[in-house]
Amino acid sequence: MKHETPLLNQLESGPWPSFVSDLKQQAEVRAKNEENIEFQIPVDAVEDLLGVLELSYVDGTTHWKHGGIVGVFGYGGGVIGRYCDQPQNFPGVAHFHTMRVAQPGGKYYTAEYLRDLCDLWDLRGSGITNMHGSTGDIIFIGTTTPQLEEVFYELTHKFNQDLGGSGSNLRTPADCIGSSRCEYACYDTQALCYDLTQEYQDELHRPAFPYKFKFKFDGCPNGCVASIARSDLSFIGTWKDEIRIDQEAVQAYIGGEMPPNAGAHSGRDWGAFDIQKEVIALCPSDCMKYEGGKLEINNKECVRCMHCINVMPRALRIGNDRGCSILAGAKAPILDGAQMGSLLIPFIKVEEPYDEIKEVIENVWDWWMEEGKNRERLGELIKRQGLQKLLEVTGVTPDARHVQEPRSNPYIFWKEEEVEGGWDRDIDEYRKHHQR
Amino acid sequence: MKHETPLLNQLESGPWPSFVSDLKQQAEVRAKNEENIEFQIPVDAVEDLLGVLELSYVDGTTHWKHGGIVGVFGYGGGVIGRYCDQPQNFPGVAHFHTMRVAQPGGKYYTAEYLRDLCDLWDLRGSGITNMHGSTGDIIFIGTTTPQLEEVFYELTHKFNQDLGGSGSNLRTPADCIGSSRCEYACYDTQALCYDLTQEYQDELHRPAFPYKFKFKFDGCPNGCVASIARSDLSFIGTWKDEIRIDQEAVQAYIGGEMPPNAGAHSGRDWGAFDIQKEVIALCPSDCMKYEGGKLEINNKECVRCMHCINVMPRALRIGNDRGCSILAGAKAPILDGAQMGSLLIPFIKVEEPYDEIKEVIENVWDWWMEEGKNRERLGELIKRQGLQKLLEVTGVTPDARHVQEPRSNPYIFWKEEEVEGGWDRDIDEYRKHHQR
Amino acid sequence: MAFISSGYNPEKPMENRITDIGPKKYDQFYPPVIAKNKGKWLYHEILEPGVLVHVAEGGDEVYTVRVGGCRLMTTTHIREICEIAEKHCDGHLRFTTRNNIEFMVDDKSKVDALKKDLETRKFPGGSFKFPIGGTGAGITNIVHTQGWIHCHTPATDASGTVKATMDEVFKDFQDMRLPAPLRISMACCLNMCGAVHCSDIAILGYHRKPPMLDHEYLDKICEIPLAISSCPTGAIKPAKVEWKGETVKSVAVNNERCMFCGNCYTMCPSMPLSDQIGDGIVLMAGGKVSNRISQPKFSKVVVAFLPNEMPRWPSMTKTINQMIEAYSKDARKYERLGEWAERIGWERFFDKCELEFTHHLIDDFRDPAYYTWRQSTQFKF
Amino acid sequence: MAFISSGYNPEKPMENRITDIGPKKYDQFYPPVIAKNKGKWLYHEILEPGVLVHVAEGGDEVYTVRVGGCRLMTTTHIREICEIAEKHCDGHLRFTTRNNIEFMVDDKSKVDALKKDLETRKFPGGSFKFPIGGTGAGITNIVHTQGWIHCHTPATDASGTVKATMDEVFKDFQDMRLPAPLRISMACCLNMCGAVHCSDIAILGYHRKPPMLDHEYLDKICEIPLAISSCPTGAIKPAKVEWKGETVKSVAVNNERCMFCGNCYTMCPSMPLSDQIGDGIVLMAGGKVSNRISQPKFSKVVVAFLPNEMPRWPSMTKTINQMIEAYSKDARKYERLGEWAERIGWERFFDKCELEFTHHLIDDFRDPAYYTWRQSTQFKF
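Quick note, the sequences are listed as chains P, X, C and Y, same order. Counting in full-length UniProt numbering, the first sequence runs from 1 upward without gaps. Counting in full-length UniProt numbering, the second sequence runs from 1 upward without gaps. Counting in full-length UniProt numbering, the third sequence runs from 1 upward without gaps. Counting in full-length UniProt numbering, the fourth sequence runs from 1 upward without gaps.
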């Protein structure tokens, strides 16, 4: 190795996969270059990366600088410039840009395809990736400016594969596993995610927004892709009708023939399954009862939290009248505090060609692009102008479902047109009846 | 009657005491004047009051103007000026000021004393009162400017009775019935209220504060004087040790020999008392159980909500190690939204001469008078500078009890002295390790 | 009428002046049984609506008969109260925080005569002077503000809305059939002298038109900087205005940012805002101050506007009644109105009370508004 | 090394250009059993930690073996994954949202060989390459950000803190003994690319020193108005500064109002803020995104600061361990960490986790802070 890394070496021990070991094996592979690859960036990039990281471990600070503007022609995102602030010591990573590659829905891959990507990235980059980045993309970490167009060209021409989003764009939409392998999915998250991603390619690649914008698609309220916390528009599957009950399977759970919670608690002896305590009593809307050997659900009062279904997946199934709720405005803390998505559409059908959903999206965007300030996320605009404004621009009728509780302050900003007689009044007329 | 009051007359029907009927009887008494009182304000003041109120019922607006500065010499509060905006039609109430008279603790009276006040007010005012005003005072409604000093003189000289507070003063403190007639009282609300009222007479009468300031004294967490919602400093009785249990009385409740909730639910047949459902299951900290004919309370986990005690007052009694919690900052919505009191002192003993409590009060006042803006209530200052600032100025150690939950935003404003090495750094030194 | 001096000498205001003596000390008014047993009470019981007994350690008892009272009360009425107190209670009485009057006797045998006396006293118009009730799981008296009887900023009347409401709910003043106590409060404008922000049901007067500007007098009567700084939303700015051919100093109001609080009018009488059609009633619900079971809660706005319908505000009382009946029917024993609404969900509250949800009820006041929106897929269809 | 052209012609960038084609379509990667049974799954079961079976309506089954992965992953490692997928899974695999890798087989008989293969692969340093686990009521993989490996604003490292933590909690990655799933997230500064604001336990890098000002270069490198407007608390103002005898245009920072977010540094490289001693770790706890039982919750700050202790952050891992053990011991079945803390009260959470409560944990950021303070007398001594 080019650099001593005594601190990082300590991260090779312990059971969890060591990223240090992985980087080292990569460094070695590159150094040996058994395949005789004509590396397009320095062969020792990975060694220098280990070196600069070790330096950070020594001095407790980062050694990366924010990139200038780098990218591929005609796109405003997908590439993030990155430079080392100690290039003389670590020339292999002096320029070390990131490329975001749009991941497939559900993050399913074939080995063949992944190997193609590896071949490309070994040739034209460091061979280091994130599988996957926070937003969902495949991240290629570390290449030089001249390679950006080359990588993009090969991706699009050889692999029919596009870059992902970054900057003030639509970010690469992400989905949960959905109905492809989950019985809880209330809609086909992959189909919707793919359709919208294709529909909004322009928004994804060319910055026209005040700031970043994310879609995420959760098939059910369990929320495995955290859309409610992490996406400006969050599509969460739900249903309007009854939970389907298989009473025999209920008995099987009670009788201990099936493990509760799909076996998720098998690491401890929690005692025999107690439907009263574990299901009925934990129902947040108190809408279930078990009497006379029969489980009953008052579906009208159900809030579809998934708990009972999660506990007894073989006995209870999501309803048949399915669709999704749309929530708006989630974001991480910066700049104005974290937000979770606020309910915008309680229920909408998810059916091709998804015109109704697209109408909602486009109304939201029109408003945000018109009114949003620079670097103002949708959630912040909603806070600034009010949820009722969002409802107005999307044509959604205000409904008690939109709030957890009605306002406790009575500061209602009436509009002039709502008040009979308007606001123009004659002070002289008033003074006839009210002396100074 | 001097004025027709067809609309008001409709408020004479119905079972609830009619203030219109009462005003009319008062008008009649004054008109007849059987006692030959030399009324010091117009004899027809009450008739004109009915007249102007009827006018408001017709035109849906008030006919009162905010008073200029009226008061008694040397006091900055206790009197509120009020003028009619139709004096030509209602000369009896053209000038119609309010006086606030400090009420006694617990609002106990003797008939003799009340009659003294009536005699005074019949002579020098309209004879109309509020028993009592929102803050707690006896309110004399309606007199003229020349009578203000006369009323004050008679109150102080004949009745040993002072005015209450108004304006940017300490407002007349108010208390619940306390230990005088309530078994739930954790301290003597009347004694503390009276002592502090006497101690802070100067603050009560002479405006030196940024805005109004209220004390209220609740003997227990039931909160009958609403101190948590309505006072800048709220003193709510509590205890630190065990709820006292009389197991025999518990049995008597279970056996139906004693009415649950002290009989408060006797208007409906709620079925037999069910200790499990009505007490154990409703305990907010789930700290009770009833097993083997015995009620057990895990007092360490009790949050002293009073429910179990309220339901079985003959079986359960407040603990013996008593004192109060002090909460700060409650206020009605204007100007910045309503606040309830935020916990400042989890527990403090309430013992004469209350020095510890006075220290808290004076520390709070020093800070508020130093930092508070004009018309800024304590609660708003706490919001503006942070609860930790209030803790700092009162010398209270921050404690998880001070919060319902820790902050969810990580925006911690570290102070320079808390960060090793301070904030002064050398950019040139930094640049040695981090190139531009 | 001849001026009668109290002894005060306006020439020498400090002569013999007595100040800072505070209220009368509480204990001089205690009935003997109270004075004797203070701090020694064992338990209490509500024997019937409006009648309580408190039992002391030594066995002493005090029986209390609680009656409704108008906060607005004349000396004539007070004298009648005194007469009753002397007749039955050795001249003692007290008032409650919620404008009720309590007559106390130290022996059960004295209760019936007292009750009978109270029940039979009526005003000529037919209303009770001293209705017995206001205890337990019922509706007690309404705390309220001045309204049109004596205030300069009200958007409705206080005594009238209270009378109309108490007539409507009178049976529940004299009964204890509800799941828990139900507290109604009333404030005639959003300054809320009466602090109605934590009541089971709150009646609130509300303006809906921004202030008129009396340009001709504004600069003469008001201090313009005070008027400007009084506005919580910063909607008022200084302005020069053409008025009847002259340029006068005045203010301009950004009406879109006005929330109709009337603070400017309090500071500047040349900015009146009351209006026959603009003014009316907001109804709030679900607040509480007690720490019992659940923590104290703010009331929520559940009806954005009802017109002022004098003299009995029928739309208001009907709506209040809807809420009470829905609550009474659906809530569990001990459950306060707000606890009920939270348990069933506010969407169900609106259904069950047959109230319309409108955009006005969605909070849009500053940052905390966000926390009232629904950040969950848990809701009921 | 010789430049190898992809075919791209920099002279004619639009020539043959392909754009806006999006990701590969999902269904071309589905394993056959997935493609066949999509939308027809009946139920699933976790057979043992890391091993799931999904059963379809027609009786088809898919067995999934989940293994932990580093988000930071080299092509060498990916090629090994591909090799495994081809050996056992007909070349199919998938990744989870939390950086796990899932190998699927369509018959139970294939599971053991797959597991054995995975379990035996280790890095030379001794760590597992493919540890099986991350399911059910245990601890799954950590989602995180870049840290010192590739980011310009981190206050700590990401991969290192994650490795240290996962080593510490490894037994719970391979077990399901906890009351509920426990999700750990990591973000290396409070911009939170990783959105750790709703996790059971969150590790957050935090700066504690305001930016240094590189006056000499500031106006040359930065657009001063952008730097000023980037500050969420308005702490930055334009300033003229004497610098080495010259007056230069620069900025001044009101350090008291700085919350160390680094937004200014992102906009202006002449305002670096990282510092060996100032930077470190904030721990948050109690968040969740699921709507199960209770609504989604934000994480709360429970430890205001821990120093960066490279390479293994022992104070941090010890504290995380304390929380997990207290939670594991005390919480009820199905109760998430935040639900547990709320049930017992946060004052008890600090007791039971043996964490110190300091003033830093009291919210003081804008109006909503108020709602986190205790407006009740309900608390535990």
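Hints should not be assumed to be uniformly reliable.
Below, a list of computed lysine to aspartate or glutamate pairs in the DMTMM-like style, where the Cα atoms sit at most 20 Å apart [claimed, not checked]:
#, chain 1, residue 1, chain 2, residue 2
1, Y, K122, P, E12
2, X, K389, X, E362
3, C, K110, C, E83
4, Y, K115, Y, D27
5, C, K12, X, E149
6, P, K240, P, E301
7, C, K244, P, E429
8, Y, K25, P, D202
9, P, K300, C, D330
Going by beta-carbon spacing under 10 Å, a handful of chain Y positions derived as facing chain P [claimed, not checked]:
#, residue
10, F29
11, T74
12, G91
13, K129
14, D172
15, I293
16, E335
Because the hints were derived from the structure by calculation, they are not lab data. Note that the coordinates shown come from a computational prediction; the quantities given were computed from them, not determined experimentally. Think of the CB as a built atom: it goes at the ideal place given N, C-alpha and C, for glycine as much as any other residue.
Note to self: Of all the hints numbered above, which does this structure not satisfy? Sort the numbers upward.
What the structure shows: Hint 4 alone not satisfied by this model.
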